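These protein sequence lines map, in sequence, to chains A and B.
Its first residue numbered 4, the first sequence is counted upward by one per residue in this note's numbering.
Its first residue numbered 749, the second sequence is counted upward by one per residue in this note's numbering.
Derived from the structure by calculation, the hints contain no laboratory data.
One thing to keep in mind: the hints can contain errors.
As the list claims (entries may be wrong) - Calculated lysine-lysine pairs in the DSSO-like style (CA-CA distance at most 27 Å, straight line): (1) A:K163 x A:K102; (2) A:K182 x A:K102; (3) A:K182 x A:K163; (4) A:K102 x B:K1059; (5) A:K163 x B:K1059.
Note that the structure is predicted; figures quoted are calculated from it, not measured.
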Amino acid sequence: MLSLERRRRFSDRLYIVLSSACFLIALGPLISILYQTIVSGYAALSLSFFSEVTPPIGGAGGGILNALEGSFVMIGIASLFGVPLGLLGGAYLAEYPGKLTYYVRLLAEVLTGVPSIVTGIFVYELLVATMHRFSALAGGLALGFMMMPIVAISTNESLKLVSSSIREGALALGISRSKTLLYILLSTARGGVVTGVALSIARVMGETAPLLFTALGSQFLMTSINDPAASLTVLIYEFGTSPYLNAHVFAWGAALILLLIVLGLNIVVRTTSRFKVTGTE
Amino acid sequence: MQSARRTARRPDFFQSALTAAAVAIPIITILMLYAIGNGSIDSVNTFGLRFIFGTEWVPYPADGGTPILGALPAIYGSLVTTLLALGMAVPVSLGVALFQSELSPNLLRTPSIFLVEILAAVPSVVYGLWGLFTLVPFMREYVNPTLSASLGFLPLFQGPNTGLGMLTAGVILAIMIIPYASSVMREVITAVPRSQREASLALGATNWETIRTSVIPFARTGIVAAIVLAMGRAIGETMAVTMVIGNVARISPSLFLPAYTIPSVIANEFAEVAGNATYLSALFELGLILFAIALIMNLLGRLLIARLSFKVRGELRA
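The shape of chain B in the complex, shown without the other chains (with noise of 0.2 Å):
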């Protein structure tokens, strides 16, 4: 009795280590929070809620005082290019999805998401390297001026055809983004309950309208949530925007201007610092904004395909 208790109580090693490694996830979540925080102090003291708002992004001022530093620019640009990657990313997205999991025969299946896949690995400075030499030019001699003469009467259309700037940064975003979105909504309609397309199709509805009235319908949370954690990737995707976005803090209606996004700052401007405190921090601070972007948006996404589980699992045990 005595030695059973004895055993029972003995602290585990094996466990102990298990634990220690699972902790280490949340723990360093909070030193990273903790850390760029702490490197942010200096320019929230310094600027407060002018950074946010703040439309100026001058270092080192002519007169050599203190930087003024506005992020608005850099939200700007990283919004705008978003939008504007999602808004062709998420059609496209969509279709590759339906694709794969409905309309592919199964001989072409297994290879059509080979495919995928491997454009998802591709790293994203090849992408920035591909994007400088073959979409940038592309852009500017066949997109931009064909844009410019059908829709030039709009603002988002005027102003010096480079091939640099957002949207560009926008194209090359949704190329990027468009394998990991599909491959989310891939997932989430895969997970449709059979019943559900079948109950439609037994009623004499086209695949088409089984797609649109039961499958999309079932599968909404988790193609939003798709759209989502997409928004997250795109946000924080670094060195392909910052070789194609020309890097200008300037907030423009015109989409074909060079702009800014918030990580193309800090890629860009880091080695500049060189002892300027202020300087810095407020690249800490971009770097905190856009960690607590991205820590919302994927929190947001995996809840919402959580929920879509749930769901899934309700309605088999029905």
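Isolated chain A (complex conformation) (with noise of 0.2 Å):
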């Protein structure tokens, strides 16, 4: 039997042992998803890989051009109107409290757990059913969608830290409302701002479910944002999937490429920010 004192010693050790032990289970898939990445990867890599286009699953040889080409027109037309839209979204929620803005700000915090695969078959219904094809703009909508409330928490959340000082003197010299926001606390806000822009875009870069019923996967180079469009996560699942070892291997070179882009646009992004952010998880 213990004595108290050394009980309560030892209930203080196991909850110190215990929660560093916690920390490392939870990194050890992060270590194993980097290394198995990169080895398995980097065997796929090399230059065509880059210069052409996707073979039929199975195939030999082929790269992912088109991929990287659908993912980046896709996330062009998603920023377009997902990035606008989020911000001034934000700035009404920063600029204008009362109750619609409590309740607009809970609900965008709740979009931001709808999900994908939800806003996915939304944009079918309103998109690609009624003009009965798949395409770039109908994958590019649904990561819009995404977009937009991510992109409105965290500018809601950067303007917010702007001290009152600030826009208060602005008022005070008779500088419009729309002249303050734009021209002073958007510019003072500017690093949690673009933080949070870089990070929705890293987010749904990664997104699969989504384009899976809008912009459905392609083979070839598309020729207008009409067209079904190929995208990296698209193609990781598709190869991924399939029952051919070489297609494997393509699954893991684009998951490489995947990587690099979301986790380096993150890495980047949270070193380089002062600016605490939030909503982007």
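Assemble the dimeric complex from its two separately framed chains, guided by the hints.
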């Protein structure tokens, strides 16, 4: 029987050991994923991997040029409407507090938690079913719907951090609310806003489920945004789950490139930004 | 006077633009509910409540008649994998959150938070690929044989061991929600006022006793919120689960057998619909169920967090 004193000390030690162990357990998969992706993905890399379009699943040779093109074009479409809408919405939340603001902010947070596959079937019904075609436009729209609440929340948080003396000073000088926001507040909060936008891009770059029924996938380069489009993520899914060994190698190569882009963007943004980022996870 | 009033009443274009952008968020939500609800009408009319309680999933019956589609296997699979994931992820997440907020020396704190953020940033499909080629063989060779050797008398750990199945899906879900759950928990634990800890330490409590008697009870609402939010994430997680669960509509107590979850049915079968209107509509109804669950979970989690921050403010004022 341990004395009370020893039991108390023991439970304190146990807590320290267990809690540190939990941290190591959580990191284990990260190390394994990075190791596996780098080792298996490196085998797929060659110059033609970046300059040719994808082969039929299981076929030899080829590259990921069309998937890179599709991913970047769809991110562009998504940013084109997700970023401005998110910025303006976030500015509203920060500048006009009230009942509506409270509920819109709550709803934006709820929307970031909606499964991305639900966004996918929504855009299918909205655009693909009505236009009778899968397209890069539909894929970009689905990604944009996901970006918008993320950008709105991070913009709201960055603007909230701007000292109210700056806002009041500008208004006291007779500068209109619109100019105060555009030229003074947003420029003061610039770091946080850019961080939020960059992280939202990294987040949707890795999305697969919303693209399955919108952009579909394609073996070719696209001629217009009304064409079905390939993407890195759908390519990894299709090649990874196929029964062919050389398709697996191909999927690992694409996964390595995707991880380099997504984690690279995260690492650069998070290490250079002095701002606390919320709402982007 | 006249002109001043006119200025005050002039519609402010700037404010209207901002309001429109903010109102877009509720409008998109309603539009989503409407569009997905609209897509499900056919299925609701055809199957009614049998859709939720039906155990058979036969999109193309042999006699060529109307599909027989019951979502219970998918709902069951979603529930089991989510509970498995929470069972594994909640204790670990709490440990990570305590490590980061209470234990780790200042020098380690920022890097440790950074690493967990990086884990959260790994795309779902990469988790799936890793799951398929690293986790599935690992489960098949080591974990599942150990479980059936030691606990094989339970129906949970019987049946053919392929490595694909609900247990593997639960493990990968746990790995994926730990970064999210632990970051919410870390934030609510950090929000516990210093005075709570100092009062306990001043009475001679050890660090662990302080955590157990002062910090965790105070943050309890927030920890519950983190669990609810993580559950919402786990239920909606699609790609990684689809790649490791085996995709078979079946209700079985065995955690080793291939199964289905709500999102994995949608992801796996949407491409096979091809003109079968009832089948397509049934997938929409699955999406509607998923959407409703996710909305409720996220709303509940956010409201709990709002309640906690209200309590923290009250405590600081007092």
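| Which of the numbered hints above does this structure break? | Violated hints: none; all satisfied.
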